[in-house]
Amino acid sequence: MRIAYIITRSDAIGGALVHVRDFSIAMQRCGHDVVVLTGGTGPFTEQLSHHGIRYVALRWLRRPINPWADLCALREIRRSLAEVAPDLVSTHSAKAGWLGRLAAWSLGIPVIFTAHGWAFTDGIPKGAAFVYKWAERLAARFADRIITVSEYDRDLALDSRIASTDKIVAVHNGMPDVLPELYAKPDRTPPHLIMVARFEEQKDHTTLLHALGRLLDREWTLELIGDGPLQASARALADRLGLTERIFFAGARNDVAERMRDAQIFLLISNWEGFPRSILEAMRAGLPVLASAVGGVTESVLEGVNGMTVRRGDVESLFAKLVMLLDSPGLRARLGAEGRARYERLFTIERMLDKTVDLYGQVTSGRAHREVPAAIPAPSSAVHLPSAARVPHNVRSHSISS
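Residue numbers (this note's numbering): 1 to 402.
In short, the hints are calculated from the structure, not lab data. All figures in this text were calculated on a predicted structure; none of them were measured in a lab. Take these hints with a grain of salt, some might be off.
In silico lysine-lysine, DSBU-like type, Cα no more than 35 angstroms apart, as pairs [stated by the list, open to error]:
{"hint": "1", "residue 1": "Lys95", "residue 2": "Lys321"}
{"hint": "2", "residue 1": "Lys167", "residue 2": "Lys95"}
{"hint": "3", "residue 1": "Lys126", "residue 2": "Lys167"}
{"hint": "4", "residue 1": "Lys167", "residue 2": "Lys321"}
{"hint": "5", "residue 1": "Lys95", "residue 2": "Lys133"}
{"hint": "6", "residue 1": "Lys167", "residue 2": "Lys355"}
{"hint": "7", "residue 1": "Lys355", "residue 2": "Lys95"}
{"hint": "8", "residue 1": "Lys321", "residue 2": "Lys126"}
{"hint": "9", "residue 1": "Lys355", "residue 2": "Lys126"}
{"hint": "10", "residue 1": "Lys126", "residue 2": "Lys95"}
{"hint": "11", "residue 1": "Lys185", "residue 2": "Lys133"}
{"hint": "12", "residue 1": "Lys321", "residue 2": "Lys185"}
Restraint ranges, calculated between C-beta atoms of paired labels, are given here [as the list claims (entries may be wrong)]:
{"hint": "13", "residue 1": "Glu303", "residue 2": "Leu71", "range": "42 to 52 angstroms"}
{"hint": "14", "residue 1": "Leu241", "residue 2": "Leu158", "range": "37 to 47 angstroms"}
{"hint": "15", "residue 1": "Glu83", "residue 2": "Glu245", "range": "47 to 57 angstroms"}
{"hint": "16", "residue 1": "Leu71", "residue 2": "Glu46", "range": "21 to 31 angstroms"}
{"hint": "17", "residue 1": "Trp68", "residue 2": "Ala337", "range": "27 to 37 angstroms"}
{"hint": "18", "residue 1": "Asp122", "residue 2": "Arg345", "range": "24 to 34 angstroms"}
{"hint": "19", "residue 1": "Arg161", "residue 2": "Gly313", "range": "25 to 35 angstroms"}
{"hint": "20", "residue 1": "Asn66", "residue 2": "Glu344", "range": "37 to 47 angstroms"}
{"hint": "21", "residue 1": "Ser106", "residue 2": "Leu179", "range": "39 to 49 angstroms"}
{"hint": "22", "residue 1": "Leu346", "residue 2": "Leu179", "range": "19 to 29 angstroms"}
Ideal placement from N, C-alpha and C gives every residue a C-beta, glycine not left out.
Model the full assembly from the supplied sequences, consistent with the hints where possible.
See the structure below:
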């Protein structure tokens with residue numbers, strides 16, 4: 001099967017990008033022909049090339065809404081799909097999801113959209129959520145199926161009348177495994193905390209810092225992995241709270257699995273989420289998880305089983321649960337071990353692959369796709385054929401956001 005994946009950006013490595021990268025590698029290993037269409041070039045396309053995945057760098061596909069650029073991007077995507085001639089198109093992220101679905105539909109190619117968290121979920125400003133909801137209702141008409149990465153998001157889509165019940169399928173994210181050398185030792189003391197999240201409105205570093213500001217009487221350190229526009233304000237708040245010597249702002253990193261190995265507690269304090277992949281990375285490493293109970297978080301983190309959750313913005317609850325984890329190495333070890341076992345049962349990439357490939361088969365066999373018009377000119381964006389690249393047996397995930 002020839003599959004074209006489309007995603008909006010390539011200038012960072014985050015949740016949806018890691019999903020497309022890991023899934024492309026897995027599908028190519030299984031013998032499928034894979035090509036990724038993405039806006040521009042950057043760390044994402046460098047990783048695709050490293051892992052032997054060919055890609056098309058699109059000139060006009062960009063995150064900001066711009067009617068002229070978006071129209072050019074639609075034409076560019078359509079021309080690229082005509083040249084690649086895939087059996088199936090799989091779109092990811094909002095902008096690529098809208099334009100990619102329309103382009104594939106216009107060519108008669110079966111198309112699936114994967115929603116990595118809806119832009120109208122709880123926590124999004126109401127005005128923006130209203131607009132995004134209507135946009136998704138319109139775009140849903142052009143997709144053969146919609147995949148949500150959590151049951152929470154499937155229920156939200158159904159409640160919002162995005163599409164019919166038979167059109168929306170929940171498939172939890174899965175992660176490739178790591179070698180045992182990258183498992184954490186959560187019972188070590190003093191505990192080192194880690195949070196992997198971009199500094200932007202979705203994440204709530206502020207609540208975390210205020211809770212930690214009340215824990216200066218205990219030994220701990222914190223590593224914040226990620227970059228973003230709100231990093232400077234987070235640094236300023238850490239300084240005001242007297243946390244500067246305790247916190248390391250690590251920026252965007254390509255060695256997240258190694259950083260988690262050296263930690264004892266994983267944190268993800270957020271305002272909204274889809275189904276965070278960074279939590280699965282932590283579970284894979286055997287770390288206890290303390291996260292905000294938003295989106296599909298509670299489908300991976302079970303209270304008192306493999307971690308703990310707190311309400312959005314609840315400094316008091318976060319403080320209390322941090323105390324429990326900081327003070328009890330045995331509790332950290334028990335939660336971390338169950339997290340690793342839960343990852344092995346439910347959240348491996350093989351499990352996600354099986355469910356998604358089955359869905360691919362349903363879509364491609366469910367309707368014949370039309371011939372791609374021969375008169376469409378070749379795209380100006382070249383298909384990049386990577387040099388010989390070895391795909392390692394254990395593909396490690398390097399996300400900088402969930």
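- Message: Tell me the numbers of any earlier hints that the structure contravenes, in ascending order.
- Response: 1, 4, 11, 17
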